[in-house]
Structure formats: structure tokens, C-alpha cells
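> Let's have the full structure, built from the sequences with the hints guiding it.
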Amino acid sequence: MAKEFELNEVEVWDGNYAASQALRQAQIDVVAAYPITPSTPIVENYGAYIANGYVDGEFVMVESEHGAMSGCVGASAAGGRVATATSSQGFALMTEVLYQASGMRLPIVLTVVNRALASPLNVRGDHSDMYLGRDSGWIQIDAYDAQEAYDLALCAFRIGEHLDVRLPVMMHQDGFTTSHKAQNVYPLKDEVAYKFVGDYVPVNDMLDFSRPVTHGAQTEEDWHYEHKAKQHKALMDSRSVIDEVFADFKALTGREYKRVESYMMEDAEVALVLLGSSVETAVLAAKQLREEEGIKVGIVSPRCFRPFPYDLIRETLDTSSLKVVSCLDKSAPGGAMGALFNEVSAAAYTTQARPMMTNYIYGLGGRDFAVDEAKRIMREQKAHADAGHITTPIQQFSGLRGPKLGFFETRRS
Amino acid sequence: MSTGVLGTDKRGIRELGAEEKVGWDEVSEGVVLNSFEGVAEDIAHKKAEERDYSDFNSYTATVASWRIIKPVYNRDICIDCQNCWVWCPDTSIISRDKQMLGIDYDHCKGCGVCVEVCPTNPKSLLMYSEAADNEEALAGWPQKEKKEKN
Amino acid sequence: MVEIRWHSRAGQGAVTGAKGLGSVVATTGKQVQAYALYGSAKRGAAMNAYNRIDDEPITNQETKMFPDFVFVIDPALAFSDDITKNDKPGTQYIITTHLSKEDLISQIPALQDKADRVYVVDCMQISLDTIGRAMPNTPILGAFMKVSKMYTLDFFLDNMKKVLAKFPQKIIDANMEAITRAYNEVK
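Chains as they are written, first to last, in the numbering used here: chain A, 1 to 413; chain B, 1 to 150; chain C, 1 to 187.
Hints should not be assumed to be uniformly reliable.
[To be verified] Quick list of in silico lysine to any residue cross-link-like pairs, SDA-like style, CA-CA up to 20 Å: (1) K375/A - G90/C; (2) K64/C - E373/A; (3) K375/A - F397/A; (4) K166/C - V10/A; (5) K230/A - D25/B; (6) K30/C - E9/A; (7) K195/A - D56/A; (8) K42/C - L121/A.
Derived by calculation from the structure, the hints in this document are not laboratory data.
What follows is the structure in C-alpha cells.
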């Protein structure tokens with residue numbers, strides 16, 4: 001039996017430590033891991049918990065991230081509660097097996113500490129790896145700070161393991177900005193946290209010798225399509241389970257999470273849509289700008305990045321006051337508009353308001369997202385609203401040195 | 001329809017690939033396939049003909065039509081060494097209590113490996129045309145070959 | 001909101017110090033942030049750590065700050081780092097040095113119009129005398145308590161003991177002595 005970990009009512013934890021504590025409290029059976037900056041401390045701490053008797057589980061050292069996720073797939077198919085952590089290049093190497101995990105409907109929890117993808121080599125935070133996973137069939141939930149990294153890691157198990165869902169879940173936090181920033185965290189007691197997560201209920205586990213099963217079978221055109229459609233449906237249907245788990249978590253802790261977080265949208269004329277730790281900075285900037293200059297700014301964030309909350313984004317943006325929406329993507333779009341811009345625009349297109357849509361690329365490789373810069377972007381959107389058309393290129397870069405970079409103009413006759 | 005040496009199997013057998021296409025409701029979560037119907041406790045100690053194989057198990061599909069030539073088994077010569085049983089790639093040599101019973105013609109593809117590895121003289125397994133009559137083949141079985149001394 | 005920027009070398013314990021300060025502050029019901037800009041820095045490389053302290057939850061995730069206090073815990077960094085970066089009229093500087101305040105300021109032009117906001121304390125010598133090695137991170141917090149009057153020395157010592165609880169008693173005692181000496185010696 002695992003020992004109880006003494007916790008204070010308030011702890012000062014960084015995002016990595018917070019996530020590792022949530023993993024410990026969920027009493028994972030197997031962690032197969034290949035550590036990588038900046039997510040290393042998550043599995044490192046987990047190894048220490050096992051060594052010190054705080055977890056009854058196995059820590060499997062593997063030769064690569066491909067091996068780490070493969071080990072997780074095997075352990076999960078065998079019937080265990082399984083989790084691991086990764087970032088950046090490690091995430092990229094895992095990608096092949098991410099699709100296997102979701103296609104096999106294995107509720108593995110992957111705590112991703114978002115980091116830029118090389119080249120150039122960079123250890124700091126942006127959303128390149130998170131975006132790389134967006135078609136992988138995993139549920140993707142985004143934490144903005146250390147408290148949320150703890151809370152949402154606990155929720156991730158409940159969501160993925162729900163018998164109506166049975167899908168793997170990524171819990172994202174920003175590299176360094178969140179993973180290495182200590183702040184007040186209010187943890188649950190071990191017993192309370194475990195009760196919230198619940199006992200793991202295995203489904204079709206290979207270690208059930210009374211019902212031998214084949215996992216990972218091959219299907220060609222005869223069955224593959226139905227399987228993938230069913231997987232997509234499970235992902236779409238998980239929305240109600242996510243809402244339910246968030247509601248239970250609020251009842252337990254008073255801390256509220258939504259698939260789409262929105263701030264000050266009731267009367268907003270201008271909205272910024274963004275992900276991760278920058279959401280908190282943007283909310284601060286919006287409050288200040290409302291006070292200082294009277295510009296009515298709101299902030300929207302798809303906390304649940306996958307399944308993409310098309311329904312709630314549309315609902316949130318469907319206000320009569322809203323004129324301009326700027327989507328901020330923290331990943332190099334590789335010759336396209338940012339993913340957030342594309343997906344939010346698609347939802348906004350079906351609103352009555354049909355706001356003007358602009359796109360900013362920002363924060364690549366950990367470039368600081370400043371309150372002043374957020375305000376500058378907000379003022380620029382207000383200028384579009386006043387002019388009645390987009391006065392700048394539709395896609396621009398924020399916080400970039402050199403010439404002002406922009407692409408595509410609004411067509412006006 | 002099974003024609004195996006063990007008599008009729010518990011489940012009907014069908015041509016591989018001729019199974020009915022699974023619809024929407026039958027598609028299993030995560031392509032997990034059950035090998036047996038229901039609880040299969042102690043399955044390792046049950047003989048094939050006693051097992052309740054599921055439709056997803058290849059045991060319920062026949063590949064007999066793939067064969068051009070087939071092995072014929074001669075009980076009178078066989079020494080029950082189990083070599084063919086070990087080597088058969090399709091688990092189509094039927095043996096009970098270390099005694100050879102014959103060929104599972106539902107799953108044998110006619111590769112001839114069993115004949116290659118048979119150590120007796122003459123061989124206890126020989127390949128014949130798929131159309132050949134087994135009784136006639138046994139009646140005309142070759143004699144022991146004398147080793148030529150130089 | 002109180003904002004603190006630490007100038008340190010990787011390995012001198014600035015991150016641990018910032019987190020330790022944060023832990024003490026959090027026990028009093030305040031909200032804190034403790035973070036650093038290091039990434040792939042090697043031991044000995046100049047780096048910054050940061051603290052934010054407020055009564056309300058802190059949502060500013062921007063790294064840059066206009067600090068209320070600057071801690072320089074490596075003597076050489078006072079000369080080589082841009083320690084007055086993002087200075088504001090009330091920014092106070094607590095600098096580890098063996099020099100007198102006058103000697104130090106006379107050698108650092110950027111501090112010359114800020115003499116009334118500069119405090120010196122020899123955290124290196126204090127930690128060598130007490131802890132036995134150059135660990136300027138805890139003594140600087142003693143000096144900070146004196147300069148900022150944030151908490152009484154006794155209150156801070158009591159809470160810091162809890163933060164250091166995982167260490168052997170000898171090390172805890174040495175740290176308490178270092179904090180006390182810095183509190184008394186900062187000028």
C-alpha cells in the first residue's frame with residue numbers, strides 16, 4: 001500500500017511538480033518515459049515517488065519517446081492506468097504511436113509541456129508540439145498555470161477513462177512559463193484526489209485470461225473507415241463527459257473549468273482568442289485597457305483544444321457588440337493562416353455577427369508575451385472596428401524584430 | 001462444412017474473406033477482437049474442437065481452396081516424432097496425446113513443409129494433387145528406399 | 001504587487017531562494033510567483049530569477065518586470081550585468097559585495113544617482129562563515145527582510161525552517177545563522 005504524502009493546504013509548486021503530484025495521487029500503474037526538457041521533472045518526480053514508496057507502480061525506462069509511448073500502449077492494453085510526459089522533439093518522435101494509442105482507444109494520459117520544435121534547437125515554450133498533435137485523435141486540454149496543471153491532470157484521467165469515452169488525453173502546459181514557474185497551488189488530500197479520479201476500470205485488458213483478445217488488429221478498406229468514424233464520434237461525444245467532469249471538479253473544489261473560457265465577452269467589441277499561459281496575461285491587459293482607455297476587450301480561449309469546441313466558440317462569439325476577433329497562434333503556421341485562426345473563423349462564420357477576423361503569430365521559441373504588446377494588438381483591433389474594415393494585413397507577427405511582416409489584405413472595392 | 005478428422009466443429013466453418021461485413025454497431029471499440037465467445041477460462045487446456053471460437057478467430061475460416069497440392073498422411077509408417085506438428089506454419093497437423101491423427105484440411109494451405117521434415121523412410125507424409133483420392137494414394141505408397149553404397 | 005528580480009549565477013541557488021521566499025510568503029495568505037530565465041544555461045552562467053508577491057491571484061505571465069527590488073547575489077554580476085534594467089523610481093538594490101557601499105557605487109556609474117536605494121551585504125562571506133560554502137541565496141533573504149520590513153526576523157526564521165525541513169538540522173541551523181547575520185549586517 002502506498003504511503004500518504006503530507007501536503008499543506010497551500011503549496012508553492014511549479015507546473016511540473018503540480019502535474020507530477022496529480023499523477024502520484026491518481027496512483028498510476030505504469031509510467032514508461034524518456035525524459036526531455038522542460039517536462040523532465042514530471043517523470044523524474046514520479047520515479048522518486050515510486051522509490052520512496054508513495055506509489056505502487058512501475059517506472060519503465062525506455063530508449064526513446066517512440067519506445068515510451070509504445071510501452072504506454074502495451075501497459076494500457078494490458079489493463080493498467082498509464083501516463084507519461086514529453087515535450088517538443090520527444091513529442092514529435094512519439095507521434096506515430098500517438099495515433100496507435102487513440103485508434104486502439106487506450107485512455108493514456110500524456111502530460112505535454114509545450115516547447116518549440118527544432119530547427120533551430122530551442123528548449124523554450126511555444127505551441128508547435130501541441131499543434132502537431134491536433135489530428136492525432138487525442139483529447140487535448142490546456143492548462144494556463146500550475147494550479148490548472150494539477151487540476152486538469154486529475155480531470156484528464158476521469159475524462160479519458162470514462163466508459164463512454166475511452167480515449168487518450170493530453171494535458172498541456174507551457175514550457176518554463178508554466179512548467180518552471182512556482183506559484184500558490186491548493187492541492188487536494190491524497191484520499192480526496194484519488195476518490196475523484198476513481199479506481200481504474202479496465203476494458204478488454206490483455207491480462208484478463210478468461211477473455212483472450214487481440215489488440216491492434218489490421219483493417220483495410222472493409223472496416224477501417226467505420227473504425228475511424230467511430231473514433232471521431234467518440235471524440236465529439238466526449239464533450240458532454242468533459243463538461244460533466246469539470247462540473248464534478250467544481251463541486252469538489254470550487255474551481256471552475258469550461259471547454260471554452262471567456263472573459264468580459266458580454267459587451268466586448270474586440271476579442272482576442274489564444275491558448276496557454278498567455279490567456280492570463282491577455283486577461284490582465286484587457287482589464288487594464290478597459291480601465292485606462294475604455295476599449296471593450298474580451299478574451300476567449302478553447303481550453304479544450306480537441307475536441308475543438310466549435311459549438312461553444314460560436315456561442316461565445318455570437319454577440320451583437322462584437323466587431324473584431326483576433327486569433328493569436330503560438331506556432332509557426334508553415335505557409336498557412338494559424339490553426340486557431342482557421343478553426344475559430346469557421347465557427348465565427350456561422351454567427352449572426354460575422355466579426356472581422358485577424359491572425360497574429362506570436363511567442364515562437366518562448367518570446368515573451370508582454371502586457372504592453374497585448375494592449376497594442378487590442379488597440380489595433382479597435383482601429384479595425386472603428387474603420388469598419390481590417391486596416392492591416394490579415395496575418396501579422398507580434399514581437400518580431402525587423403520589417404513589419406504581414407500577409408493578405410481585405411478585398412475592398 | 002468441416003470435414004476434419006475430429007468430426008464436426010462446434011462452429012460452422014466458412015471461406016476466409018466470405019464473412020459478412022460488420023456493420024456500424026458491431027464494429028468493436030479500438031479494433032479489439034475477442035478470440036472466443038464468452039468467458040474462456042482455462043482455454044489453454046481445452047482441445048480445439050471443444051473451444052467456442054469467435055467469428056473473428058481465423059480458426060472459423062477455411063483456406064482449403066488455396067491448396068493446389070495436399071499432404072496425405074500414412075499412419076502405418078509414422079513414428080509419432082511430432083516433427084511435422086512442430087514445423088507446420090498453420091497449426092494444421094492434428095495430434096492428440098503425442099499421437100498423430102492427421103491433417104486439418106480446413107487450414108492446411110499445402111505448403112509441403114511437413115513432408116520436408118518427415119524423417120521416416122519412406123516418408124509418412126507425401127504431397128499429392130488436391131484432386132487425388134487419399135485411399136488410392138495410400139494404396140500406392142512408395143517402398144522403403146535402399147541407401148546406395150558406392 | 002511587489003516584484004523582485006534576482007541576478008545570480010546558475011548554481012548559486014537563486015531559484016531555490018526565490019521559491020523559498022515564495023513558500024514563506026504563501027503561508028501568510030498572499031499569492032506568489034517564483035520563476036527563472038535559465039533554460040539550457042550552464043552552471044556559472046549569469047541568470048535571472050524572479051518573484052511576484054500580491055494579495056490577489058497573479059495572472060501576469062510576462063517574464064519581464066519593472067522590479068521593486070533587485071537582488072544581486074554574485075559580487076561580480078554587479079559590474080557585468082545590467083542590474084538597473086527596467087529601473088523605476090522606487091527600485092531598491094540589495095547587492096552582495098565585500099566593498100563598502102561608497103566604494104561599490106563609485107565603481108558602478110548606473111548606481112550613482114540611486115545611492116539612497118542601494119544596500120550592501122557580504123552574503124558570500126556570511127555563507128562561507130556559516131554554511132561553509134558560497135551559498136548567498138538564503139542570507140540575501142535576511143537582508144531583504146531588514147530592507148523591506150516585509151516580516152519580522154523571527155517570523156521569517158520560523159517559516160524558513162519549515163521550508164528547509166527536508167535538510168539535516170545542522171544545515172538548517174547554519175542557514176538561520178546566515179539569515180540573521182545578513183539581517184543585522186546589511187547597510
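> It remains to establish, for every hint, whether it holds in the given structure.
Hint by hint, here is what the structure shows:
{"no.": "1", "hint": "K375/A - G90/C", "result": "violated (25 Å)"}
{"no.": "2", "hint": "K64/C - E373/A", "result": "holds (12 Å)"}
{"no.": "3", "hint": "K375/A - F397/A", "result": "holds (15 Å)"}
{"no.": "4", "hint": "K166/C - V10/A", "result": "holds (18 Å)"}
{"no.": "5", "hint": "K230/A - D25/B", "result": "holds (10 Å)"}
{"no.": "6", "hint": "K30/C - E9/A", "result": "holds (13 Å)"}
{"no.": "7", "hint": "K195/A - D56/A", "result": "holds (16 Å)"}
{"no.": "8", "hint": "K42/C - L121/A", "result": "holds (16 Å)"}
Of the numbered hints listed earlier, the single one contradicted by the structure is hint 1.
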